[in-house]
Amino acid sequence: MTDFGQRDGYVGVMKGVVLGITPHAQLVDITHEIEPQKVAAGAWILATSYRYFPRGTTFVCVVDPGVGSVRYPIAMYAGEWFFVGPDNGLFSYVFTEQPLHEVVILSKPAYRLEQMSTTFHGRDIFAPGAAHIARGLPLAALGPSIDPLQLQRLDLKFPMRQGERIDGYIVYIDYYGNLITNIPLSMVPALFSSPEVQLTVCGSVITERRRFFAEGEEGSPFIYSDSSGYVSVAVHSGNAARTLHVGSGEPVRLVVKS
Amino acid sequence: MTDFGQRDGYVGVMKGVVLGITPHAQLVDITHEIEPQKVAAGAWILATSYRYFPRGTTFVCVVDPGVGSVRYPIAMYAGEWFFVGPDNGLFSYVFTEQPLHEVVILSKPAYRLEQMSTTFHGRDIFAPGAAHIARGLPLAALGPSIDPLQLQRLDLKFPMRQGERIDGYIVYIDYYGNLITNIPLSMVPALFSSPEVQLTVCGSVITERRRFFAEGEEGSPFIYSDSSGYVSVAVHSGNAARTLHVGSGEPVRLVVKS
Amino acid sequence: MTDFGQRDGYVGVMKGVVLGITPHAQLVDITHEIEPQKVAAGAWILATSYRYFPRGTTFVCVVDPGVGSVRYPIAMYAGEWFFVGPDNGLFSYVFTEQPLHEVVILSKPAYRLEQMSTTFHGRDIFAPGAAHIARGLPLAALGPSIDPLQLQRLDLKFPMRQGERIDGYIVYIDYYGNLITNIPLSMVPALFSSPEVQLTVCGSVITERRRFFAEGEEGSPFIYSDSSGYVSVAVHSGNAARTLHVGSGEPVRLVVKS
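Protein chains in written order, with the numbering used here: chain R, 1 to 258; chain W, 1 to 258; chain L, 1 to 258.
Possibly wrong hints are sitting among the right ones.
Given that identical chains are not distinguished, each listed pair holds provided it fits within a single copy or across any two copies.
Stated by the list, open to error - In silico SDA-like cross-links for lysine to any residue, where the CA-CA straight-line distance does not exceed 25 Å:
(1) K108 to R51
(2) K38 to N178
(3) K38 to G5
(4) K108 to G229
(5) K257 to S204
(6) K38 to N239
(7) K257 to W81
(8) K108 to F212
(9) K38 to L244
(10) K38 to G219
(11) K38 to T243
(12) K38 to E196
(13) K257 to G5
(14) K108 to A214
(15) K257 to P138
(16) K257 to G238
Read the hints as simulated data drawn from the structure, not as lab findings. All of these numbers come straight from a predicted model, not from anything done at the bench.
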């Protein structure tokens with residue numbers, strides 16, 4: 001997963017480096033279209049994805065505005081998976097959700113490319129580090145441990161409940177323009193059974209609820225549960241972000257009447 | 001093949017699910033940029049692609065505006081390939097072109113993800129179903145058969161001939177802006193040998209014919225045979241759809257003088 | 001690597017053809033978003049990528065405005081890699097940088113698809129040729145040798161030094177809008193140690209130098225060394241091409257005071 005886009009060959013080069021170290025790796029792209037340098041968007045996409053990959057998968061994650069500067073390049077074993085990337089908050093949800101067994105700094109020159117750049121650590125540090133992990137090298141061989149408490153974490157704002165009201169925000173806008181909030185369905189089990197629900201975002205109040213996209217009439221916004229289990233807003237055969245003029249980060253208020 | 005785009009990690013997640021079931025699968029993307037929810041465009045791209053894949057390939061195809069609603073999730077063995085996806089017409093060309101050996105409804109919970117969403121059957125039903133097929137599970141294990149006559153089919157409009165005249169339509173506009181018609185070259189074997197040819201679309205009459213793109217002068221539209229064997233229109237070093245203001249679905253009249 | 005984009009299924013079809021011939025191939029995309037028919041951009045991306053792939057990798061490269069016309073389809077063994085594609089200059093940097101052990105014309109019908117189109121040699125000639133090379137077929141079996149002196153080469157303009165002044169040009173603009181020049185850092189070892197540096201492009205004079213992106217203030221343009229070792233211009237958290245109104249091919253003058 002990167003914010004490199006797919007135009008310039010950067011991702012292909014990282015895969016070439018991996019295959020030079022571990023030729024039989026299964027390589028899967030999560031996405032390379034994280035909005036450039038938006039660590040929070042990358043952290044979210046990773047959070048919605050990693051659980052679906054087999055135990056022992058190594059995730060190489062590069063959204064790295066601080067490349068070449070003081071931030072550490074790290075590798076970790078968390079839950080059942082390995083993660084490799086910059087220590088800049090990209091793994092914040094993983095830290096929250098999974099036991100962190102081991103974290104190391106990718107400092108050993110033997111496991112980096114010989115010729116290092118200051119701008120492309122994806123190729124020079126993260127891809128070779130991940131490839132060595134994938135071929136079975138113990139994390140400890142890659143560099144010294146780092147205390148998990150020292151790791152960078154995004155200031156994840158969790159939703160706040162006050163009576164019937166929950167305040168959250170738009171955590172992600174997907175390819176279709178659907179608005180994903182940070183309010184998990186588990187926090188509002190009555191979302192679909194309640195007599196009345198109001199979701200307010202950027203001055204719009206949405207009350208319609210649908211269990212799936214094909215229901216109801218086209219063009220009007222509705223509340224649904226997204227595929228990761230978060231309260232979301234879509235417009236059937238339309239783009240909710242454009243229709244409602246909502247961007248990522250906007251506050252959301254959800255009222256579920258009992 | 002999906003209409004999920006490549007931004008959000010949805011496709012990567014589907015591959016993660018597949019690899020959890022059959023770790024050594026060869027995974028190939030046809031495209032994930034089918035225009036959102038345009039089943040007809042997806043059906044066409046699949047039709048121009050599947051024959052080039054090895055016998056026994058399993059195609060996972062998700063262009064699925066009715067996800068979660070009443071349409072069946074199906075798997076089939078047709079010709080020499082397996083196909084998995086929603087029963088909404090996406091496989092219409094396959095039905096027309098290949099013998100349909102077996103079709104089942106993907107209903108067995110054992111071959112779905114345990115936690116089902118109502119909006120992402122690509123992850124929850126189609127990817128696991130395809131992975132089980134790819135590892136050799138018989139179709140019959142996945143769910144009950146369905147009568148092929150009950151399957152949804154697009155109303156495919158085939159071209160009509162009347163004397164020297166053939167009426168068809170623009171079935172697809174490709175990345176370069178080339179206009180692909182639904183008129184197969186096999187219907188007009190004299191396309192390149194005839195003394196005069198006229199193709200009319202959206203008020204433009206094109207008479208120039210070229211066997212390949214590099215011929216002739218730049219900027220003028222010409223008729224050629226596309227790589228799947230259909231009469232098409234291109235502009236050398238240009239975009240025919242923009243130059244001629246033609247969209248998908250527009251009627252085309254072809255006159256081939258003898 | 002192609003200029004096919006990822007919308008139409010063309011790339012997937014090429015992979016299907018490869019896997020029909022050599023089912024266990026490791027398939028990696030460099031990019032499919034070379035600007036359509038821009039051979040020079042394709043040549044540059046290939047030049048910055050191929051070295052990072054394992055010895056023996058076969059590169060299938062299709063940026064081919066002359067498809068179907070007189071240009072030869074070729075395959076070669078150069079340095080430690082195989083390259084397959086049109087003879088139109090796409091391999092110019094490879095020719096300059098690597099010993100050319102063997103070059104053949106892909107003319108043997110047995111190693112093409114049976115049904116040939118005039119517009120999609122990626123599918124019909126290059127993919128099957130590359131697959132046969134990848135499964136170990138000697139190049140000589142694919143067709144007759146061609147004299148390397150007869151191969152097409154782009155007129156690569158190398159940078160010119162005159163005293164403290166070096167004249168070059170913008171060879172590529174990447175996904176982030178960074179301007180990559182054709183001036184290698186090896187030509188200006190004092191770039192970062194010199195008391196004063198001036199880079200002039202399209203009327204803008206850039207004097208700030210940074211070793212990595214995160215330094216300094218946001219929004220102002222600066223000189224850096226890109227990941228392939230070329231003098232480049234970026235705007236921190238911005239797009240240099242847009243900010244400075246610079247396109248590919250623009251002349252650059254670099255003055256490094258001693």
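Cross-check of the supplied hints:
1. K108 to R51: Answer is between: at 22 Å across copies they meet the 25 Å cutoff, but 29 Å inside does not.
2. K38 to N178: both (18 Å within a copy, 18 Å between copies)
3. K38 to G5: Answer is both; intra-copy 13 Å and inter-copy 19 Å each pass.
4. K108 to G229: So K108 and G229 pass the 25 Å test across copies only (22 Å; inside, 40 Å).
5. K257 to S204: This pair counts as within: shortest intra-copy Cα distance 18 Å, inter-copy 59 Å.
6. K38 to N239: Both ways: K38 and N239 sit 22 Å apart in one copy and 15 Å across, limit 25 Å.
7. K257 to W81: Close neither inside one copy (40 Å) nor across copies (51 Å); limit 25 Å.
8. K108 to F212: between (50 Å within a copy, 21 Å between copies)
9. K38 to L244: Answer is both; intra-copy 23 Å and inter-copy 23 Å each pass.
10. K38 to G219: between (30 Å within a copy, 16 Å between copies)
11. K38 to T243: both (24 Å within a copy, 20 Å between copies)
12. K38 to E196: Intra 36 Å, inter 34 Å, cutoff 25 Å: neither.
13. K257 to G5: Neither. Shortest intra-copy (44 Å) and inter-copy (36 Å) distances fail the 25 Å Cα cut-off.
14. K108 to A214: Classified as between: cross-chain Cα gap 23 Å, same-chain 53 Å, threshold 25 Å.
15. K257 to P138: neither (53 Å within a copy, 48 Å between copies)
16. K257 to G238: neither (28 Å within a copy, 45 Å between copies)
Hint compliance for this structure: hints 7, 12, 13, 15, 16 are broken, all remaining hints hold.
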